[in-house]
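Residue numbers (this note's numbering), protein chains in the order written: chain L, 1 to 322; chain P, 1001 to 1286; chain Y, 2001 to 2246.
Hint data in this document are derived by calculation from the structure and do not stem from the laboratory. Fair warning: this is a prediction, and the values are worked out from it, not measured in the lab. Cβ atoms here follow ideal geometry from the backbone N, Cα and C, with glycine treated the same way. Heads up, some of the hints might be wrong.
[Stated by the list, open to error] Examples of chain L residues lying across from chain Y (beta carbon under 7 Å, computed):
#1 A8
#2 Q9
#3 R10
#4 R11
#5 F183
#6 S186
#7 P187
#8 F188
#9 D197
#10 P199
#11 S203
#12 A204
#13 L205
#14 S208
[Unchecked claim] Calculated from the model, a selection of chain L residues having no Cβ within reach of chain P, i.e. all distances over 12 Å:
#15 P28
#16 F38
#17 A110
#18 T132
#19 F155
#20 T164
#21 A171
#22 T246
#23 I253
#24 R286
#25 M289
What follows is the residue order along each chain.
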Amino acid sequence: MPDVEPTAQRRVWHWTTLAVLAAVLAIPFFAGEYYVNFASQIFIACIFAASLNLLVGYGGLPSLGHASYLGLAAYVSAWLFLRLGLNHAYTAAIALAGTTAIAAIFGLIALRASGLGFLMLTLALSQVLWGTAYRWVSVTEGDNGLRGLTRPAPFQLDLDQPATFYYFTLAVTVLALWLIARFVRSPFGAALAGTRDQPRRMSALGHSVWMTRWITFIYAGFWGAVSGLLFVYYHKYIHPASLSLTTSAEGLIAVIAGGSGTLAGPLIGATIVMILKNYVSSYIERWNMLLGFVFVIIVIFMPDGLVPGVKRFWQRWQRRKP
Amino acid sequence: MNFWIIQTLNSLALGGLLFLLAAGFSLIFGLMRIANLTHGALFMLGAYIGVSVLRYVPNLWFAALVAAATVALFGMLLERYVLRALAGNALGQVLLTLGVAFIIADFCLIVWGGDPIPVPTPESLRRPVIVAGVPFPAYRLAVIAIAFVVGIALYLLMERTRLGAMIRAGVDDMAMARAVGIPVSRLFTLVFCLGAALAGGGGVIGGPIMSAYPGLDADMLPLALIVVILGGVGSLVGAFVGSFIIGFIYTFGSALLPDLAYVILFLPMILVIAFRPRGLFGRAHA
Amino acid sequence: MTPALAIRGLKKDFGGLPAIHDVTLTVMQEERRLIIGPNGAGKTTLFNLITGDLKRDAGEIELFGTEVSRLRPHQRVRHGLARTYQIITLFPRDTLEHNIMLSLLGLSPLRWNPFSPLSRHAELRSRAREVLALVDLEAQAARPLSEVPYGDQRRVEIAMALAQKPRLLLLDEPLAGLSQGERAAVRALIARIPRETTVIMIEHDMDTALELAEHLTVLHYGRVIVEGLRAEVVAHPKTREVYLGH
């Protein structure tokens, strides 16, 4: 059965992307400050989910410890600024480099297993960071968190203005998504998808499955760290909850609900999770329970997520008899 | 010297509690290949149920039994009607247990509120006992004894009964076990209930030491995880040894380097993964 | 001349049960070797040990004179090894072309490029199409593998191995599950494999396979029972014994 003509599908996606981009660029012009800020938070969640998707969707490596990189970068940047008074150019660089290095180390440990073993190891490692953030009060202030942070001023921009922060975050998000898209479509990305589908065959073809996975793990950690920096700039505050299983789970459900293994999936999933978290939970007040139900419903009824579901619907629509 | 004795006994008590939690987790993972992330929440649910039971019947052991039975029942429903529907989808099952854990956590918050609820120590065990010249809470000694008794009982179950033989066969080679006619579905439900019962009962038994509070699940789950990573999945001996190793490291770590107790837990886990990725007593699956 | 494959004293146990029992085997370059034996004789286990999918318990494995038993599977590929499997495990959602490209990438430094789109590498795609042309499947290059009949999938699998211009090719039951017509096509394909590539084949379909082989090794309960030129082995009484009732 012939597939839908690919160029028609691609054209639709191109126009959709442009439309979304145009709408997104226009938001600060007609939306109030609250919504502009909320949209900035959504962008940050999109980077977090997209980076996790490299592991889950393209690598076939389900991780429940991705909050590690968001939280670690946030804490390092905050600590360097508050305790050592370093300027943000340095705190950002050190936070990114340090977190990426930790991602490399965590990857060495977690990749001793695959599948469920990998999942448990990423979870355990992330929990160690979380527990440490609570207990190492002299460094992290424990349950109080670190406050009193400022936003950087790259190129003299005043990021305390919501609209300016918005466009800055948008620019970083577009850059991140573009680089991630290039990564996924590159020869390396093709090899990565191959290791997800048939690791033994890939080995037999000469690919080093472990190295491919490790490099991806590090790259995913890097972008997780980027989302962490934007996160701490936005909130000007960091708390151990950002390293929690809940944070990792939010990222994971965003990826799965949107559709892992697609580029748009995590973005849609992250948007939905953020909307649920901020709007619905203010009425119900039980975000954890809602998150739990979302997990259960998605896993049972929509395991592929939204984007593949929509794609399938579109293809069936295209193929309908005239 | 006193310090060392007290901390050693504390380590043993914590290890005992962890064993009640980790044994179930390890068996469920080993037999059913389900990383049951609900396990910490089941422990907490048990603790809260115990609290409620104690309001009517002030007997801790009775409360522990009721909690164990209730949590086991919940576990049975969860396994039979929900997890089984996702058979073959290992990741889906894990995510489902995670979702259920979140639901239970908020449920407990709704029902029992946000303040920690202390669990009273049984009257008979309130006096301190002198151990090697040092007074030590009798209750904690009782916890150690309970863990040993449960450990021996589980060991006898696994090694001396037909049921145990079937479980071990399933852990070693599921396909072969099925082929030989072992009623795998019933076994799954049984093991899941057993694990849940241990967690729920363990929550009550741990009550006098830890209280029932929101976040108990999040505090216990990572410890159970590290125990199982260390000891090896599906191994009772591994869960036993691992629980006490972690009990010691965590207790002494918290006493000597309180800020870094969690990081110290990290180290044995890394060593084991580097040199014996299957855990100290884990076995490669067929 | 260095043998393509030299195995000495190879042993492999599975939980106490010996699967490979002290096997010594030498295959010279450019040979066409067929390994036969009843089910459970250890043929696929032997292949798995050669490729590194299984770790040996004892013995030495040399590829073109280099000891490789400590190397991981993907490293052994670099010594000129390629292999097909009894059960086809390719990439069903990807096109035939993409499947071949993954094989070509296996030995190409291009596989470490995380930035430029794969689609822009025209030379890779054209090489993939050349490989598909070798097996008469170029017309299907853009079709997903799952939409192509099983016999063609088997040819793609062999093509993937040949794409890497291997020096030693292991074919594990390449005719399994194929119809008569598909068998003829694959047989013709195997016969066309360049002489420089040494071929070792496991096969059950004796009628087809015997034509392709010059040397035979008979394996039984993990041991080499008979070995030698085709005519000798076929006539050997021990061979008859092993296949009694088969």
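Going through the hints against the structure:
1. Of the supplied interface hints, the one on A8 of chain L is violated, with its beta-carbon coming no nearer than about 16 Å to a beta-carbon of chain Y, more than 7 Å.
2. Interface restraint check: Q9 of chain L against chain Y, minimum CB-CB distance 15 Å, threshold 7 Å, status violated.
3. This hint is violated: R10 of chain L has a C-beta 12 Å from the nearest C-beta of chain Y, more than the 7 Å allowed.
4. Checking R11 of chain L against chain Y by beta carbon gives a least distance of about 16 Å; that is not within 7 Å, so the hint is violated.
5. Satisfaction of the interface hint for F183 of chain L is found here, the shortest Cβ-Cβ separation to chain Y being roughly 5 Å, below the 7 Å cut-off.
6. Proximity of S186 of chain L to chain Y holds as hinted, the smallest CB-CB distance being about 5 Å (cut-off 7 Å).
7. Checking P187 of chain L against chain Y: minimum C-beta separation of about 5 Å stays under 7 Å; hint holds.
8. Because the beta carbon of F188 of chain L sits about 4 Å from the nearest beta carbon in chain Y, less than 7 Å, this interface hint is met.
9. Annotation: interface hint on D197 of chain L holds; nearest CB of chain Y at approximately 5 Å, less than 7 Å.
10. For P199 of chain L, the interface hint is violated, since its Cβ never comes within 7 Å of a Cβ in chain Y; the closest pair sits about 10 Å apart.
11. The restraint placing S203 of chain L at the interface with chain Y holds, with a minimum CB-CB distance near 4 Å, inside the 7 Å limit.
12. Nearest Cβ of chain Y to the Cβ of A204 of chain L: about 5 Å, under the 7 Å cut. The hint holds.
13. Given hint, L205 of chain L at the interface with chain Y, holds; its Cβ is 4 Å from that chain's nearest Cβ, closer than 7 Å.
14. Interface hint status for S208 of chain L: upheld, as the beta-carbon distance to the closest one in chain Y is roughly 5 Å, under 7 Å.
15. The claim that P28 of chain L lies off the interface holds: its Cβ sits roughly 35 Å from the closest Cβ of chain P, which is beyond the 12 Å cut-off.
16. At roughly 23 Å from the closest C-beta of chain P, the C-beta of F38 of chain L stays outside 12 Å, upholding its exclusion from the interface.
17. Look at A110 of chain L: its CB is around 9 Å from the nearest CB on chain P, not clear of 12 Å, so calling it non-interface is violated.
18. For T132 of chain L, the condition that its CB be more than 12 Å from all CB atoms of chain P is violated, with the nearest at approximately 5 Å.
19. With 12 Å as the threshold on Cβ separation, the claim that F155 of chain L sits away from chain P holds: the shortest Cβ distance comes to roughly 38 Å.
20. Annotated as non-interface, T164 of chain L keeps its C-beta farther than 12 Å from every C-beta of chain P; the closest such distance is 36 Å.
21. Non-interface call for A171 of chain L relative to chain P: holds, since the shortest CB-CB distance, roughly 33 Å, exceeds 12 Å.
22. Non-interface call for T246 of chain L relative to chain P: violated, since the shortest CB-CB distance, roughly 7 Å, does not exceed 12 Å.
23. I253 of chain L, annotated as away from the interface, has a beta carbon of chain P within 12 Å; the closest lies near 8 Å.
24. Chain P draws R286 of chain L into its interface by the beta-carbon criterion, the shortest separation being 5 Å against a cut-off of 12 Å.
25. For M289 of chain L, the shortest C-beta to C-beta distance to chain P comes to about 4 Å, within the 12 Å cut-off, and the non-interface label is violated.
Going down the numbered hints, you'll see the structure goes against 1, 2, 3, 4, 10, 17, 18, 22, 23, 24, 25, while the others check out.
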